[in-house]
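From first to last, the protein sequence lines are chains A and B.
Here UniProt numbering is used: position 42 in the first sequence is 42, and no number is missing along the way.
Here UniProt numbering is used: position 283 in the second sequence is 283, and no number is missing along the way.
Treat the hints as calculated values from the structure; they're not laboratory data.
There's no promise every hint is true.
[Claimed, not checked] Result set (SDA-like, lysine to any residue): computed pairs, CA atoms no more than 25 Å apart in a straight line:
{"hint": "1", "chain 1": "B", "residue 1": "Lys354", "chain 2": "A", "residue 2": "Glu108"}
{"hint": "2", "chain 1": "A", "residue 1": "Lys109", "chain 2": "B", "residue 2": "Phe65"}
{"hint": "3", "chain 1": "B", "residue 1": "Lys60", "chain 2": "A", "residue 2": "Tyr43"}
[Unchecked claim] Some, not all, of what chain A presents toward chain B, calculated at C-beta under 8 Å:
{"hint": "4", "residue": "Val81"}
{"hint": "5", "residue": "Glu108"}
{"hint": "6", "residue": "Phe111"}
{"hint": "7", "residue": "Arg116"}
{"hint": "8", "residue": "Glu120"}
{"hint": "9", "residue": "Tyr122"}
{"hint": "10", "residue": "His123"}
{"hint": "11", "residue": "Leu124"}
{"hint": "12", "residue": "Asp132"}
{"hint": "13", "residue": "Lys133"}
{"hint": "14", "residue": "Leu136"}
{"hint": "15", "residue": "Pro138"}
{"hint": "16", "residue": "Phe178"}
Note that the coordinates shown come from a computational prediction; the quantities given were computed from them, not determined experimentally.
Every residue, glycine too, gets a C-beta built ideally from N, C-alpha and C.
The lines below spell out each chain.
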Amino acid sequence: MANKMKIIKKSMAWYYPNYLLPKIRGVIQCRDYARNTTFQSYYQNPVFRKEDQAKLIESSELSKIAAFPVKPPAACETSSVYHDPIVNKVINHIMEMGKKSLARSLIEKAFENIKRTQIERYHLASTQQEKDKIELDPKKILHQAIENSKPLLQLTPIKRGGITYQVPGPITENRSLFLAIKWLLEATYEKERTVHFPEQFAWELLDAASNSGKVVKRKQDLHRLCEANRAYAHYRWQ
Amino acid sequence: MLSRNWRHLCRRYSQAVTFRTNENSPAQQNDKQVGLFYTVNPDLCKQLFSHGGFPKSFMKQTKTFTETAIMVRQPALDLINCIRASDMDQPAIRYVLYGEKGTGKSLTLAHLLHYAHEDGFLIVHVPWVSEWLRRITRHKEMSNSQTREGLVDLPLDAAAWLIHFKSQNQKLLKSGNLKTNKEYVWSKREKTEVGSPLSDLVELGINRVKYACDVIDALVDEIKILSNNKQCKTFVAIDGFNSFFYPLTRLNTPTKRKVEPDEVTLTSSFMKITKNDWKNGVIVVTADELSVPEEHHESYLPRYLLYKKGFEHLDPFVPIQINRYSDKEFMTCVSYYRDRLWLRGPTEIEMELKFTSASNPYKFMEQCAPL
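Chain B with its partners taken away, still in its complex shape (with noise of 0.2 Å):
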């Protein structure tokens, strides 16, 4: 009885199933295409995704299999249609993507990136929070606020961030519309003017890293004054954003005092673009366990993870939750992964690894690895 069960179960899990769609515009995907996978053309991906976005087993995925697919998701979809549907007069509404460990929130996020892309929106996206608080490699650089009293500088993080805005937002950069509207005096000899192109600004970062920090200062203001002007619409996509509330960060300054994240001056600068007193944007960001330190994996939740000053913060917010693979999306995903080579072997096993690895993406893609 149990064999005959057995048996019939791994055969609708054999069964040929279309696992692609060439609908690869994620503002033309509707449910029919859920749970399968769309290619995101090569040039863009690394237009978007060239300084980080993407997880680093999923960039390590895309080399294996010579292409980026990524799974239309429901979460995905349903942001999608909230964000068309919301008036952008109003606020700026905000959306927290939570989930398990490994269930596919930063391909999510990535995927609502690829969509605000194509809808033309100016995009803000912090990659990974942790890779500025929380990883300290040999050529992490702080230095003292030179502006703001008692603050600290990430100069060389910002100067890449700086790149990776520039880099995504190419195409309205060049346009040339976007003009400040402040005069900005970094030294005595140089400033920015007012009217002056938005990429001046994100130049002037990049070539005097000194700046850098201020000059993300100047550029959320800026962003933000225009938006509420009607000049751009602007998506703010931050990645690990509860590593911002996490009470200490890695960071010693040359005194050997632990730093929070209160006192970088990037986390102001994020702070003050996820507030809602602007509108005409959208705000997007995760809560993540992997952003904060082992002991604190207890939850996923994002009372939990934002803590009560982060959750204060973002108030009131839209949770979005990734769950892991339903049985039909789990379906595709063993046929994209047979079509890649990545899993191989008897069908039997298809069901043996949907137990073992409880249908969670990242852990059914690291036991095919081995197979």
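The shape of chain A in the complex, shown without the other chains (with noise of 0.2 Å):
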């Protein structure tokens, strides 16, 4: 593939407009440069996964994209096994000033933490039944955590004659998730000084994975507050 692209590349015409590309989005990882970059706006953004590239085969799309030029992904989009965009995404969350390699640590060490003390449970649990039923992939956990406290509906400030009213109204996909990470980073942050982030952050998965804690907590009682305020719905349209 890398091969047929170098020649197509050459070939390529440079000033192709950019609304006649076709769009890949739907299957990719999406990543988007946040500043200006080096790359023009027809440059496409790279399928590193091989499951993404079969897929692109299979629907015979390959051909569409395979003559437009690719942006080369960054370090942490790799084909290995454990890639996991949930988690790069929780990673960048972490990431302060650009350090991203200290946050991934921090995570890493998280699912440690909850590894250790899963494990530790399903050894000294006595029958199948409950071995059965510890989830042992920290990955997994956090999956189940972020979809967890992942809130159904949000409240948006409207202004109507001159009173402020807090509207019930759908969340969008993006949003949810966003919120769900951020509620358990906050969460994690109120934390006793002698506590490390590490540990706090692995507690708050496993509450938030388990159905309760105080993420799961803010997530309904923002449900509450919405059903509270179901009677400003209409000011969404009106």
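Fit the two chains together into the complex; they arrive one by one in their own frames, and the hints show the way.
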């Protein structure tokens, strides 16, 4: 594929207008460059997962995209067995000042803590039934925790007749994911000074995965508020 | 072609491998058990290692796995054979374990301690020398030695060590066969008579922390005499021995003067016991990079770590290198981790991990952690 790309790149017309390009967003992990980069706007996002590439080949969409230049994938976008877009997202949320390796080490330590507690519980459990109930994969726990803390509704302030109403309404998938991660991290930062971040984060994740804890309560509070404010719902369109 | 090789290798590594052995006594283990894990009895573990002896990361691991399993490795077996074959009437032979960081020097030492305990040795074990010389806690206590001019005592550490010594040698000390050969006068009212049992001496050190360092010094002398008289055989194990020879410690006297390792009384006592002027004993020490500050991690070889002084002090010694995992050991370790659920996921990653960790036991364990 890479070889083909090179040949096509040479013959590519550089002034190709943007709106003529096919959109291939659906399949791939979205990776938008936040700032101006050296890449022109017609550069396509890379397809770096083998499954996604196979999907493209299967749906014979590859020939459509093959003619366009592709941005290089970032260092974290690998085809490793352990690549996980959600984990990457959380790492980016934890990151401060662009210190990504630090953020990654923190989340890995949190995973280690989760794994330790779960494995210990597993080995101490006496019956097979109890053992089967325990989820051992830290990534699955993270997914479950985020799934459990995603809100379904949101409140938007809308001004009607000089009064600002908190109006409940639907929430987009992206925003609810953002809120879930943000809440999980905010709950983690509310900790004793002596407790380290990975420990607290592990606890929060385990709590949220079992549908309890601060974050799930916060979600339920929001839902309750939305329910209470349902009388204002019509302000969304009036 | 490459992918087929890859798959082939993966399959080879994923085969069900026996990774445990029921041979739980190190004295019985032989070459058949190389690379296999044996479990240590929890009670014995508590007795031998409750006051240190295992690295911290391994302690965590035992808690997670709810068992203490040590891999039987070639250097440990070789050493046990050596100890068995050597003539105890000759001066004590000194063995130096060395190797890269995280290859298992301390665990090999733990394995040997288990052997020594089973074989009825009197164990003199220092879990980690840097704990005394390089780790400054809030409760660290220092005082000038009463008996030896210009030296520094670490009474609390010494007392803690005496407790460790007592718990490791419960059986031998209880039997009461070991008696002192000299009279020790501690103060006007306190003294230890000739022929009082060794446990009394240890108790005195624990109860009167002020004299703990002097008690250790006396204890070392007594042990040497007892071994020479064939009343007991002694196994000396010191982890991170090279810390004694690093030019400076982190200790400061009240007058802000830096303390050298030679100026600590504990150092002189353990220097005495590592000399080969006594017999009926075995001395195993490790030279570990981790016991000196990071700027001196250039080499893991004994000559570099022990400096000239330490090298000459120990010379002649038997160097024993602890290597990284061999292919077979790596394979059993993988299946052990899979059994304990520490390593999860598809079989391809085993090869991936083998490359990234370079078969280094500690790194392998660490890299499995977040998976």
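Structure-based check of each hint:
For the given pair, Lys354/B sits about 19 Å from Glu108/A by alpha-carbon distance, which is consistent with the 25 Å threshold. A hinted pair counts as satisfied when its Cα atoms are at most 25 Å apart, and Lys109/A with Phe65/B qualifies at roughly 18 Å. Restraint check for Lys60/B and Tyr43/A: not satisfied, since their Cα atoms lie roughly 49 Å apart, outside the 25 Å limit. For Val81/A, the suggested interface contact is upheld, since its CB lies about 6 Å from the closest CB of chain B, less than 8 Å.
For Glu108/A, the suggested interface contact is upheld, since its CB lies about 4 Å from the closest CB of chain B, less than 8 Å. Taking 8 Å as the C-beta contact cut-off toward chain B, the hint placing Phe111/A at the interface holds, the least distance being around 4 Å. Annotation: interface hint on Arg116/A holds; nearest CB of chain B at approximately 5 Å, less than 8 Å. Contact between Glu120/A and chain B, as hinted, is supported at the beta carbon level, the nearest pair being about 5 Å apart and thus within 8 Å.
Because the beta carbon of Tyr122/A sits about 6 Å from the nearest beta carbon in chain B, less than 8 Å, this interface hint is met. Interface restraint check for His123/A: the shortest CB-CB distance to chain B comes to about 4 Å, inside 8 Å, so the restraint holds. Of the supplied interface hints, the one on Leu124/A holds, with its beta-carbon coming within about 6 Å of a beta-carbon of chain B, less than 8 Å. At a threshold of 8 Å, the smallest CB-CB gap from Asp132/A to chain B is about 13 Å, leaving the interface hint violated.
Interface hint at Lys133/A: violated, since its Cβ lies 14 Å from the closest Cβ of chain B, which is beyond the 8 Å cut-off. The interface hint given for Leu136/A is met, as the beta carbon of that residue sits about 6 Å from the closest beta carbon of chain B, less than 8 Å. Hint on Pro138/A holds. Least Cβ distance to chain B is approximately 7 Å, under the 8 Å limit. For Phe178/A, the interface hint is violated, the least distance from its beta-carbon to any beta-carbon of chain B being 24 Å, above 8 Å.
Hint compliance for this structure: hints 3, 12, 13 and 16 are not met, and every other hint is.
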